[in-house]
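A.B. asks: Sequence:
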Amino acid sequence: MTDFPDTDYTQRFIFDDSDTRGELVALERSYAEVLAKHPYPEPVAQLLGELMAAASLLVGTLKFDGLLILQARSEGPVPLLMIECSSEREIRGLARYHADQIAPNASLADLMPNGVLALTVDPTAGQRYQGIVDLDGETLSDCFTNYFVMSQQVGTRFKLYADGRRARGLLLQQLPADRLKDEEERAASWQHITALASTLTADELLSLDNETVLHRLYHEEQVRLFDVQKLRFRCSCSRERSGNALVSLGLEDAQQLVAEHGGQVEIDCQFCNERYLFDAADIAQLFAGAGVETPSDTRH
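Sequential numbering from 1 applies to the sequence shown in full-length UniProt numbering.
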């Protein structure tokens with residue numbers, strides 16, 4: 001796929017009379033690409049979509065070149081949710097789950113009891129940053145809101161919804177005092193904006209376009225909506241990366257691995273299910289420094 005899909009984008013907005021910014025996200029094609037890779041139960045598919053929406057919203061707030069990684073872990077029916085979104089707005093995701101333990105209407109607490117959420121910013125240049133928060137909210141929206149309020153000390157609200165077909169999200173965040181210098185006036189404005197946002201239902205956010213959503217919530221406010229920023233699904237796996245993983249084992253161990261697997265070792269990408277096959281000739285080629293661009297005839 002060379003063109004960015006029209007169904008996947010974020011769109012920023014600001015309030016002219018308040019120190020508040022916002023962003024909306026819609027994901028459809030990239031969400032479908034992620035769900036197509038595994039037979040996810042409906043509650044897991046919904047959680048995965050919500051986490052994709054959160055990552056898409058967050059990558060727009062961070063000024064960096066690199067990768068944003070969201071990882072939710074637990075000892076429950078869903079041990080792992082993971083989303084990666086690059087500064088180039090390319091996104092991929094996966095979940096690990098125990099299907100026999102998942103009820104049709106399972107909540108976040110049912111699926112990921114005593115879970116933790118790690119937010120990692122991995123820049124191309126510079127220091128890696130990670131923040132961790134307990135998954136102690138009723139929803140992922142609550143968890144992300146709590147993370148920013150508690151650890152970042154920034155007034156923030158998230159609304160995240162997904163239905164297995166479309167993932168949507170709304171982010172509101174306070175900006176440094178500029179238009180409203182008085183603390184009481186500033187607090188009242190934030191309370192007003194977030195109270196209106198709390199009336200937005202899942203059905204409305206999933207079915208309405210951005211202009212309609214903002215008019216429905218803030219028709220009495222002065223709101224400026226900016227151009228959309230496109231996103232797309234893309235997996236960063238490659239035959240070259242898989243080959244490098246084998247090289248990191250060392251020649252002897254790589255040859256032994258091939259022998260133990262009947263003459264051919266298979267490396268699968270957990271995100272996109274792509275399979276990369278290497279036989280003894282491929283291993284010899286790798287360690288001779290010829291790379292993996294001309295694999296043997298056994299390549300799948």
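These are computed hints drawn from the structure, not numbers from a lab. Note that CB positions come from ideal geometry on N, CA and C, so glycine has one too. Just to be clear, a hint being listed does not mean it is correct.
Claimed, not checked - In silico SDA-like links for lysine to any residue, alpha-carbon gap of 25 Å or less:
hint	residue 1	residue 2
1	LYS230	LEU200
2	LYS37	ASP253
3	LYS230	GLU88
4	LYS37	ALA125
5	LYS63	PHE226
6	LYS181	GLN127
7	LYS230	THR212
8	LYS181	LEU200
9	LYS181	ASP268
10	LYS37	ALA245
11	LYS37	LYS63
12	LYS63	GLN229
13	LYS37	TYR147
14	LYS37	GLN264
15	LYS37	ASN146
16	LYS37	ASP268
17	LYS63	ASP163
18	LYS37	GLY131
19	LYS63	ARG96
20	LYS63	LYS230
21	LYS63	THR212
22	LYS230	LEU94
23	LYS230	ASP100
24	LYS63	ASN114
25	LYS181	GLU88
26	LYS63	LEU200
27	LYS230	ARG29
28	LYS37	LEU200
29	LYS63	GLN264
30	LYS37	GLN127
31	LYS181	LEU67
32	LYS230	MET82
33	LYS63	ASP100
34	LYS181	ALA245
35	LYS37	LEU225
36	LYS181	ARG96
37	LYS230	GLN264
What the hints assert, rightly or not - Per label pair, the in silico range of CB-to-CB distance:
hint	residue 1	residue 2	range
38	PHE226	ASP268	56 to 66 Å
39	GLN264	ILE132	36 to 46 Å
40	ALA187	THR61	55 to 65 Å
A.B. asks: For each hint, tell me whether it holds in the structure or not.
C.D. replies: Outcome of the hint check:
no.	hint	verdict
1	LYS230 with LEU200	holds, 24 Å
2	LYS37 with ASP253	violated, 31 Å
3	LYS230 with GLU88	holds, 9 Å
4	LYS37 with ALA125	violated, 31 Å
5	LYS63 with PHE226	holds, 17 Å
6	LYS181 with GLN127	violated, 34 Å
7	LYS230 with THR212	holds, 19 Å
8	LYS181 with LEU200	violated, 29 Å
9	LYS181 with ASP268	violated, 55 Å
10	LYS37 with ALA245	holds, 23 Å
11	LYS37 with LYS63	violated, 31 Å
12	LYS63 with GLN229	holds, 14 Å
13	LYS37 with TYR147	violated, 30 Å
14	LYS37 with GLN264	holds, 24 Å
15	LYS37 with ASN146	violated, 31 Å
16	LYS37 with ASP268	holds, 12 Å
17	LYS63 with ASP163	violated, 30 Å
18	LYS37 with GLY131	violated, 29 Å
19	LYS63 with ARG96	violated, 30 Å
20	LYS63 with LYS230	holds, 17 Å
21	LYS63 with THR212	violated, 29 Å
22	LYS230 with LEU94	holds, 21 Å
23	LYS230 with ASP100	violated, 37 Å
24	LYS63 with ASN114	violated, 32 Å
25	LYS181 with GLU88	violated, 36 Å
26	LYS63 with LEU200	violated, 29 Å
27	LYS230 with ARG29	holds, 12 Å
28	LYS37 with LEU200	violated, 31 Å
29	LYS63 with GLN264	violated, 43 Å
30	LYS37 with GLN127	violated, 32 Å
31	LYS181 with LEU67	violated, 35 Å
32	LYS230 with MET82	holds, 21 Å
33	LYS63 with ASP100	violated, 42 Å
34	LYS181 with ALA245	violated, 55 Å
35	LYS37 with LEU225	violated, 34 Å
36	LYS181 with ARG96	violated, 47 Å
37	LYS230 with GLN264	violated, 40 Å
38	PHE226 with ASP268: 56 to 66 Å	violated, 40 Å
39	GLN264 with ILE132: 36 to 46 Å	holds, 40 Å
40	ALA187 with THR61: 55 to 65 Å	violated, 22 Å
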